[in-house]
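Mind docking chain Y on chain F? Use the hints.
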Amino acid sequence: MSIWSNLGLVYALLGAAVAVFLAGAGSAIGVGIAGQAAAGVVTEDPSKFAKVLIMQLLPGTQGIYGLLVGFITLSKVGLLGGGAAELDPQTGLLILAACMPIGIVGLISGKYQGMTSAASIGIVAKKPDQFGKAMLFPAMVETYAILALLISILAVNAVQI
Amino acid sequence: MAVLQMQRISICGLKKDRKAILEKIQTLGVMEMSQIAEDEEGFEKMDTVNARQTFEKRAQAADQALAVLDAYVPVKKSLLSSLEGKKLVSSDEIARAADEKQEIIRKANLLITKSKEIAEAKANIQKTENQIEALTPWLTLDVPMNYEGTKKTALFIGTVAAEVTPQMLYDRLAQAEPVPDGTDIQVVYSDKDMLCLTVLCLRKDAETVEEALRSCGFARPSQVITNTPARQKALYEAEIEKLNKGIKEAEDEIRGYADSRKDLELVSDYFRTRAEKYEVLGTLPQSQRTFVMSGYVPRRYVRALSKAIEEKYDCVFDIEDIKEDEEPPTLLSNNSFSSSVEGVLESYGLPHKGEFDPTTIMSFFYVFFFGMMLSDAAYGAIIAIACYVVLKKFPRMGEGMHKSLKMFMFCGVSTMVWGILFGGYFGNVVDIVSEVFFGKAVTVPALWFIPLNDPMRLLVYSLAFGVVHLFVGLGIKGYMELKDGKVLDFFCDVVLWFAFLIGLILMLLPTDIFASIAQTQIVFPPVLNTIAKALAIIGAVGLVLMSGRENKNPVLRIALGAYDIYNITGWLSDVLSYSRLLALGLATGVIASVVNQMGSMFGKGIVGVIGFALVFVVGHTLNLAINLLGAYVHTNRLQFVEFFGKFYEGGGKPFEPFKSDTKYVDIKEEN
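Protein sequence lines correspond, in order, to chains F and Y. In our numbering, each residue's number is its place in the first sequence (first place is 1) plus 1. In our numbering, each residue's number is its place in the second sequence (first place is 1) plus 201.
Honestly, I wouldn't trust all of these hints.
The calculated DSBU-like cross-link candidates involving lysine-lysine, where the alpha carbons are at most 35 Å apart (straight line), are [claimed, not checked]:
hint, chain 1, residue 1, chain 2, residue 2
1, F, LYS49, Y, LYS513
2, Y, LYS860, F, LYS134
3, Y, LYS594, F, LYS127
4, Y, LYS302, Y, LYS225
5, Y, LYS277, Y, LYS246
6, Y, LYS554, Y, LYS513
7, F, LYS49, Y, LYS405
8, F, LYS134, Y, LYS594
No lab work stands behind these hints, which were simulated from the structure alone.
Chain F on its own, in the form it takes in the complex:
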């Protein structure tokens, strides 16, 4: 029985891992999709490199949000620097749950933001002067990642250790 009652820290770490790897994977997929479209544009017109690069980077933020939540979690449970805190399983699971939003939303929104970015790269390819508008479409998708990030940060911060 004792092993179950010692798993608190493991759950918390699992939370950090979920945040980082799901959101990171989402961004990787998104940046990958957008990158393919960007590379296509640059073969035709290398002068658009800077513009399409910015477009490609837009879905990259989810991974950063995941990293952020992961980092806050690690510092919360004391794995960075000082000794790890004693966590009971319930607290550990609370932290795991708190990390879920950015992980899952990051994964899904990262992919879809990538697809939107790829479409927006199409706008930039044909009408470079519409860059400002083109940038907005992927930013719309990102809103939900930001909302998830917010809830994850607030929840991780709110868990009492």
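Below, chain Y alone, put in the same frame as chain F:
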């Protein structure tokens, strides 16, 4: 802070003055052409297509010649040279270039010819090299490639596939009828693809042998060469040598024209300007002795234009205000600070006719929000200083670039201020460095508070800033409706919404939900609570009754009103959207901390310092770049979606005056 008022200027003058007047207008560059009287009887347009094309062709020739010069005599350019902008030249210089235009264009054509010669020679060299390569397997052969034997013997030179061995050929020959005795097969060369052979036989057996060979896939070389391979190779090499020498001479000649670069640029722009002039000339309605020209001029330039045209030429100079049904082009005029965000507004769309120019109001919010999202004093300082230096160093850069850099400079300053308020200097670099290298943690205190320690507090502030931003947007809508005299619309769409929203907010503030978020309980006096309820109810009832006012059917009208109330969810999501101010601000700080933490893992000592410096530079550069992008994108979004969504339509077309649209040089104005 405004859209410049346009006026329609029409000039009716004598045909003999038309080019002089056009030239004057082109130099002033304040008039956008928009012709009237095009279909009037007695007026015809002149066909200028040929003249224009000639000029364009010459401008292109000069451009091509410049490209040739760039390829063979490259000018050293720094990374930032694209910011330098166009050179400034006096009108004397361009006049001199115009005088020598024939000579300069001749040079341009010569340069193009030389470059074509070089390209041709290079292609020939490539071709010859291929021939040498085809010859290489045969180099050991000491008879000419087309040698066919002596009087009594026949010689076959050719290749077979690599799978065919000489033994197989002998076997095949042995089956021939009659058997060609004394046939000799020699392998000249073999590799994995082919076998090069000479086959010697008696003249009388020639036909039999040839047939046998052919059945084994024997093929003669494709080139007919009358020399021995070695000699032919030497000939080819001499040819390449000659071509190379020609290339070198041509290149030297091209280099000799390096000084003509400036002349070519001047002449290219001269012809480009003339082509544009002829393009406009072709759109002017002209009668036998007169012409009419019409277009939009910003009111503030009308006097200058009239002085330059009306007083010098015999013409009628007519000034009209814009008519109701006309849609004039839009030109913004703002102070130095606000004009820096004009580029952002342009990317959404300029205000259409009669619409309010939101640039000034937007500029303050823009800089404010941008700083809040990046919120690191050191990053802000870097951005502000970098932009300032570039702006000072390249005063002649393009206008759009100049505005953007200025905008980022202001945003950098704002970022610095927010960083000081939140205590962020490269994240927490002061703490980490002092702790790791000096053993004692020193913290630079935040002037306000540290967001990571109290995120709920910053969230409340973020949403509050959002409410202010949105209310300003709604206020502008009200202002525009009042200006147009739509008092009822103003009351129903703006005042009622304000009452409803303010009532709801005042009701929300004293509740437990808000207290748990803000961590302070706000207690209002009971009177205020009553007022809040009253406002909310008045607003809600008013909206239900009034929103569907265009509809006669009372049931439908109420239903539409109720649907309009549903827009409150839109307001909620708009306000929540401002939580990105908190989220992105935290992201910058936390990632900067991660970088510092990683850097400190090397420990103390020399290795530690070097390791830290390395991680510090790379990490913070990346963090700055990605968060700068994030702050830019999301500040734009807050303006475009949340703020503009409340009142702004855009869709005006930009003012594009007829001017000298040069590529290389700017011509200095002379008075």
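Status of the hints after comparison with the structure:
no.: 1; hint: LYS49(F) x LYS513(Y); verdict: violated, 47 Å
no.: 2; hint: LYS860(Y) x LYS134(F); verdict: holds, 28 Å
no.: 3; hint: LYS594(Y) x LYS127(F); verdict: holds, 33 Å
no.: 4; hint: LYS302(Y) x LYS225(Y); verdict: holds, 21 Å
no.: 5; hint: LYS277(Y) x LYS246(Y); verdict: violated, 47 Å
no.: 6; hint: LYS554(Y) x LYS513(Y); verdict: holds, 33 Å
no.: 7; hint: LYS49(F) x LYS405(Y); verdict: violated, 72 Å
no.: 8; hint: LYS134(F) x LYS594(Y); verdict: holds, 31 Å
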